[in-house]
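Input sequences plus hints: build the corresponding full structure.
Spelled out, the chains give:
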Amino acid sequence: MTYEEDEALTSAARESLRLVIDPELGENVVDLGLIYRLSVSQGGTAHIEMTTTTRACPAADFLKDAVLSAVSQLPEIRDVHVRLTYEPPWVPDMMNADASRRLG
Amino acid sequence: MMSASSLSRWTMAYFAAALFFLISAQVLMASGYGFPTASIEAPETLVVVHMVTIGWLSLLMCGALFQFVPVLVAQPLRDSTLALPALLCLLAGLLCLLGGFLQTAGTIDLDIPFLAFGGLFLPSGFALVIWTIGRTLWSVPKSGLSLPARFVAVGLTCAAAAVALGASFAWVLSGHAPALAGTDVLAFGLPVHVAMGLGGWLGFTAIGVSYRLLPMFMLSPDREHGTGRFVLWAGASAWGFVLLARPFAVVSGSAALPTGFAGVLILVATVFFAFDLIFFYRHRRRGKIELNVKSAIGAFLVLYCSILLILILVAAGTFAEHVDAVVYIVGFGCLTGLGLSMLYKIVPFLTWLECYGPVMGRVQTPRVQDLVVESRDRVFFTLYYAGMLLGTGALLVGAPILFRVATAMTLLATMAIVAELVVARRLVNVGATLRLPEGASRPRLFLPHWHAR
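For the record, the sequence lines run as chains A and B.
Each residue of the first sequence is one higher than the one before, starting from 1 at the first, in the working numbering.
Each residue of the second sequence is one higher than the one before, starting from 1 at the first, in the working numbering.
If you are wondering where the hints come from, they were derived from the structure by calculation, not from laboratory data.
A hint or two may mislead.
What the hints assert, rightly or not - Below, simulated SDA-like cross-link-like pairs (lysine to any residue); rule was C-alpha separation at most 25 Å, straight line:
hint : chain 1 : residue 1 : chain 2 : residue 2
1    : B       : K142      : A       : D93
2    : B       : K294      : B       : A274
3    : B       : K288      : A       : A97
4    : B       : K294      : B       : P191
5    : B       : K288      : A       : D93
All figures in this text were calculated on a predicted structure; none of them were measured in a lab.
In structure tokens form, the structure reads like this:
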């Protein structure tokens with residue numbers, strides 16, 4: 001797999017994560033800045049480091065599973081590893097401009 | 001890292017029972033049962049008061065804490081299987097208590113010691129709740145306990161005091177506490193029972209939980225230090241003085257000093273809490289706040305109206321004469337207003353998690369906001385607050401018919417809000433294409449699915 005193909009696959013994985021929304025805010029996890037790290041290595045293994053807006057959020061397990069499911073749907077992805085972290089804790093400044101604008 | 005919190009299986013059942021008692025109490029009030037048609041200490045009034053304080057507000061608070069305390073401490077709920085026995089004990093205890101009051105009123109004539117049973121089941125139910133939540137709080141190193149969790153700890157202590165006093169009243173009134181028969185335990189403990197129950201348990205816990213919920217809903221910075229801690233310590237000290245007031249009076253002959261200290265501390269705490277509310281609002285990153293937050297702000301405005309009312313009544317020397325209006329505005333304005341506001345968010349949120357959480361990431365899902373129609377429900381919340389303010393005014397001027405009309409307004413508004421919550425549980429407002437995607441299961445109205453995670 002070339003560098004360009006890796007990059008394209010990482011972008012596709014990022015796009016697929018827009019299907020996953022934070023239920024409280026109604027915005028997708030990418031625009032909210034909840035995905036701290038996303039990389040796809042040779043052979044199609046995705047490594048994702050993510051957080052939730054609140055520590056110990058009741059939706060945390062669902063969000064983690066949803067992130068795994070969304071990326072797993074890509075045919076080029078063979079394996080997905082998702083790690084939930086609260087270091088650093090999420091703050092609203094991590095949202096991108098689109099999410100900020102939509103939340104007013 | 002494992003997620004510490006999951007869906008509390010019985011929270012929705014607590015909420016359903018709570019709303020049943022709220023609506024039932026409002027129906028009784030609107031039909032003229034209890035105060036102001038009857039006197040404030042009449043058994044009929046006590047029926048309505050305990051339907052509201054235990055049936056509605058306490059069940060609501062317990063159900064919310066079972067779901068929310070794990071979020072506050074980032075630990076799973078300890079002994080979560082006790083939630084159902086606790087609910088059953090609380091329901092049995094409350095029904096016995098109400099039965100006891102109806103016996104006293106002469107409405108029912110059965111040779112069953114209802115009050116004594118109430119004095120047994122209710123403390124058992126609250127003890128299970130306090131054990132479960134207390135153990136969960138205790139599982140965290142004390143230095144790591146968040147500010148809202150500390151409020152909850154103080155609130156639980158106040159609940160224990162209020163319940164212990166209430167149980168002793170029930171035993172004395174039922175004639176099953178001969179050791180206390182010679183003492184006027186009601187006169188001794190009633191003001192403390194009311195202050196600890198309404199103020200310490202329900203009010204203080206609600207304020208503490210708001211320190212986490214409001215920044216979460218408005219995307220404001222947490223304010224764990226400074227004024228928040230001052231509110232905690234001022235409030236906790238105030239409840240301490242309330243508890244000490246009666247023993248102090250026995251020794252010195254007057255409870256004026258500790259009562260005065262408690263009053264000043266509560267006043268100072270609420271002023272500093274106002275600074276924090278303004279801070280959260282002004283520093284929010286979510287410009288378009290949702291109806292639940294707008295309504296919660298309304299409830300806090302009513303809190304400050306009630307403080308102002310108390311100050312005016314004390315200055316005019318007519319506080320004792322109008323204590324009914326004060327209790328009404330605190331119970332139905334601040335606490336019920338805040339409770340309905342929070343339910344309007346929590347019920348759709350939990351419904352969403354139950355239904356769409358398991359399929360998210362595989363299919364497109366609606367937002368939590370799509371489960372309700374805010375533009376329609378805004379009218380009902382407005383009607384609720386209007387009715388509540390009218391009811392307070394009616395009590396102040398001594399107009400019982402107007403009070404019943406005002407209560408009917410709050411009843412209509414509550415029923416409309418509850419209908420909206422049922423509609424949210426049934427996913428009626430979600431567009432047909434998104435309503436039940438493959439793999440999603442429709443949540444039950446208030447009982448858990450046995451296979452639920």
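Comparing the hints with the structure gives:
A distance of roughly 30 Å separates the Cα atoms of B:K142 and A:D93; the hinted pair therefore is violated under the 25 Å criterion. Our distance criterion of 25 Å between C-alpha atoms is met by B:K294 and B:A274, whose separation comes to about 15 Å. Using a Cα cut-off of 25 Å, the hinted pair B:K288 and A:A97 holds, with the two alpha carbons roughly 15 Å apart. With a C-alpha separation of about 33 Å, the suggested pairing of B:K294 with B:P191 is violated against the 25 Å cut-off.
At roughly 17 Å between alpha-carbon atoms, B:K288 and A:D93 fall within 25 Å of each other, so this suggested pair holds.
Hint compliance for this structure: hints 1, 4 are broken, all remaining hints hold.
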